[in-house]
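Using the sequences and the hints, build the whole thing.
These protein sequences, in sequence, are chains A and B. For the numbering used here, count along the first sequence from 1 and bump the result up by 1. For the numbering used here, count along the second sequence from 1 and bump the result up by 1.
For the record, the hints were derived by calculation from the structure and aren't laboratory data. Do not take every clue at face value.
Since the list gives no way to pick one copy over another, a pair counts as held whenever it fits inside one copy or between any two copies.
Distance condition first, Cα-Cα at most 25 angstroms in a straight line; then the derived SDA-like pairs of lysine to any residue [as the list claims (entries may be wrong)]: (1) Lys65 <-> Asp323; (2) Lys47 <-> Arg8; (3) Lys47 <-> Asp16; (4) Lys65 <-> Asp374.
All of these numbers come straight from a predicted model, not from anything done at the bench.
There are 2 protein chains.
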Amino acid sequence: MRKDLDRLMEERGLDALVVSGSTYGNPSLVYLLKGADVSRGIVVKKRGEEAVFIHSPIERDEAKATGLPLIDMSRYKFMNVLEEKGSHLAASVELYRRIFADLEVQGRVGFYGADDPGRAYVFLRTLDDALPDVEVVGEYERSVLAVARETKDADEVAQIREVARQTCEVMAATVEYLRRHRVRDGVLVDDDGSPLTVGTVKQHVLRLLAERRLEDPEGMIFAIGHDAGVPHSKGRPDDPIRLGQTIVYDLFPRRPGGYFFDVTRTFCLGSAPPEVEKAYQDVADCLDAVIAEAEVGVETRYLQQVACAFLEERGHPSIANDPQTTEGFVHLIGHGLGLSIHEEPSFYDVSNNTQTLQPGHVFTVEPGVYYPDRGYGVRIEDVIWLDEEGKVHNLTDLPKRLVVEMAG
Amino acid sequence: MRKDLDRLMEERGLDALVVSGSTYGNPSLVYLLKGADVSRGIVVKKRGEEAVFIHSPIERDEAKATGLPLIDMSRYKFMNVLEEKGSHLAASVELYRRIFADLEVQGRVGFYGADDPGRAYVFLRTLDDALPDVEVVGEYERSVLAVARETKDADEVAQIREVARQTCEVMAATVEYLRRHRVRDGVLVDDDGSPLTVGTVKQHVLRLLAERRLEDPEGMIFAIGHDAGVPHSKGRPDDPIRLGQTIVYDLFPRRPGGYFFDVTRTFCLGSAPPEVEKAYQDVADCLDAVIAEAEVGVETRYLQQVACAFLEERGHPSIANDPQTTEGFVHLIGHGLGLSIHEEPSFYDVSNNTQTLQPGHVFTVEPGVYYPDRGYGVRIEDVIWLDEEGKVHNLTDLPKRLVVEMAG
Chain A
2 MRKDLDRLME ERGLDALVVS GSTYGNPSLV YLLKGADVSR GIVVKKRGEE
52 AVFIHSPIER DEAKATGLPL IDMSRYKFMN VLEEKGSHLA ASVELYRRIF
102 ADLEVQGRVG FYGADDPGRA YVFLRTLDDA LPDVEVVGEY ERSVLAVARE
152 TKDADEVAQI REVARQTCEV MAATVEYLRR HRVRDGVLVD DDGSPLTVGT
202 VKQHVLRLLA ERRLEDPEGM IFAIGHDAGV PHSKGRPDDP IRLGQTIVYD
252 LFPRRPGGYF FDVTRTFCLG SAPPEVEKAY QDVADCLDAV IAEAEVGVET
302 RYLQQVACAF LEERGHPSIA NDPQTTEGFV HLIGHGLGLS IHEEPSFYDV
352 SNNTQTLQPG HVFTVEPGVY YPDRGYGVRI EDVIWLDEEG KVHNLTDLPK
402 RLVVEMAG
Chain B
2 MRKDLDRLME ERGLDALVVS GSTYGNPSLV YLLKGADVSR GIVVKKRGEE
52 AVFIHSPIER DEAKATGLPL IDMSRYKFMN VLEEKGSHLA ASVELYRRIF
102 ADLEVQGRVG FYGADDPGRA YVFLRTLDDA LPDVEVVGEY ERSVLAVARE
152 TKDADEVAQI REVARQTCEV MAATVEYLRR HRVRDGVLVD DDGSPLTVGT
202 VKQHVLRLLA ERRLEDPEGM IFAIGHDAGV PHSKGRPDDP IRLGQTIVYD
252 LFPRRPGGYF FDVTRTFCLG SAPPEVEKAY QDVADCLDAV IAEAEVGVET
302 RYLQQVACAF LEERGHPSIA NDPQTTEGFV HLIGHGLGLS IHEEPSFYDV
352 SNNTQTLQPG HVFTVEPGVY YPDRGYGVRI EDVIWLDEEG KVHNLTDLPK
402 RLVVEMAG
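Shown next as structure tokens:
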């Protein structure tokens, strides 16, 4: 949580941290700016002190909304520095030299945010050489910001709950929209008699999201038949919606500049083949079995083991026994969820993953089995939150049912 | 353009380039994957050879859509490598060692994409130390990918034109939507008599975008009165829409995983104060004057100089004379537009900016004057494309008029 940042910096011997870049695709910067509607900037936080936001002059009003102490970037006259230094690299080093002098930053300084990797490599090497009082630090995994972000405080959970409610509303409305279509020769048809396609359904979903001020930056999955059997297939836009085929509908929208939610339901319109019914029951039972094991202190990798063992017991292959299998359970049981769609904690079943579930964790549980060559796949995904007392909450208020009867 | 990549690599002595990360917020990766609907991966391109895409096994169908030679990431058994090496950093270095061995990559290798800067710094330093046959190269500005991307080929321009057409449609529909409202005490009101707000207008625009499969990842500007006088103010959601106040409406949506468009119109509903009329005419004339100077071979910084001189001549302050002014013309005259909302060419008026306009450039021209303390600002923005013969095309087919009469 945000309140842990100073402790985490202390543990890693960091005197300050710098988070920079565009806010777009930069959840750590968004996190420190508390979702303020700015396009870019630099946040500098010294250990034990409040973060300072160095913002663009043309975004001064939005910058105020962060509630952070502000520095207007125009103070540094970057164009003059650029003119004087002759290259963007030298000018950027000079800019940081001036900022660090103003804020009295020295010692071990960690750098975070989003940038081109080669550009960051050149810049941070040059900066490290240029500033004798600063040691540039990078963190490869589980950085202070990743660890702070992985446990959510009450305000963050409230924001996630609101996106959850609206996401479940959209999922339910989509199923209703499908049910109300007419059917011809086993295919859903529009009012004008043309087949309803995956592309048209997605358009409808995008409208439902927009009405709720949600966006779909990563691109929803609405995959039918064979494509439902390939976990990350997004679905082919021209595919018609047929009765009796499995549809994997995985929606993971977010509030612009805010938190994601993530939920998957699998269903068949009209009826389902017995083989799919059996697979569906296996996955639904696996979901319950994994959630039953989720409690504070349990190793995250244990949930992956539980899921693999459960589904293998029911006769499905899994990556636990065959890492390259494309049938059965072929992915991780879940992932942390927040300002990124995938964040800590991670559920890799490897011995150096010693993470345990903690109060404040918000993560998906999403068992699935996939049989592309048999034309189907099943995944069911809920989101779990462990509150401060360690109590388990399922944030996904949406029915699970394989067969959806048509309304007509 | 894409076809220039080998020449650009040759000029910079690069034997290979690596572009990696999530596709989200990573236009260089999207560029090499030609917009394929995958969530992440690694592209390796040796000079003179086709790029190879190393993709996730669960995205194998989407990976095929790139048309690139493919390697399924599962070949490298990353989980086993992680188990063996004991850390993500060591395992990632080993992964690249294996990929480079398979593809016979050695020599000077440039790294691009999107990553946490500290993480990239640690990884690339470690990789450079670990691989004796590879020299890790980062480019700080005008990288091979930035330069290739800044000139658009016919296929890219066709995609931008389509987004342009739809964006202008949405802008026009928004103005119609406003015109059709009733007015009470100088404020637009909804059917239920409550004041129409900036937030409600933006909701309507988001629906219009969603209907056209456009998204608004950077967040549109719809700012009225004082906020119109602050260039990047997004507008306050609760502000009511009043007659006679200037509205700056700047819309910059994109096709998901594709190209942006960017257009601004300023208008007043019902009537405009004489001072705003004068400012509007100055900005509209400045737009024409700058576009008249846009031709192949002209230095980009010259367009900035033209704009500053023109508006100063009309009595407005500009950053040319006072870099810290918050009144008058306070920003750059334009920016390149493509898979990023801001990309090359850049229009900084500094002596080390020696860029000239080239065939294939697509860029905004967006003069504006801002007077927040007087409660208004004006910006008008069109997009210009220089075709292969250097002919100037204005891609923005949308009327400009300051005063919009209400329909009622």
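Now for the hints, and whether the structure bears them out:
When the C-alpha separation of Lys65 and Asp323 is checked against a cutoff of 25 angstroms, the pair qualifies only between copies, where the shortest distance is 24 angstroms, while the shortest distance within a copy is 53 angstroms. For the homomeric pair Lys47 and Arg8, the shortest alpha-carbon distance inside one copy (12 angstroms) is at most 25 angstroms, but the shortest distance between copies (45 angstroms) is not. In this homomeric assembly, Lys47 and Asp16 come within 25 angstroms of each other (Cα to Cα) only inside a single copy, at 6 angstroms, whereas the closest approach across copies is 41 angstroms. Taking CA atoms no more than 25 angstroms apart as the test, Lys65 paired with Asp374 passes between copies only; the shortest distance there is 17 angstroms, against 56 angstroms inside one copy.
In this structure, none of the earlier numbered hints is contradicted; all agree with it.
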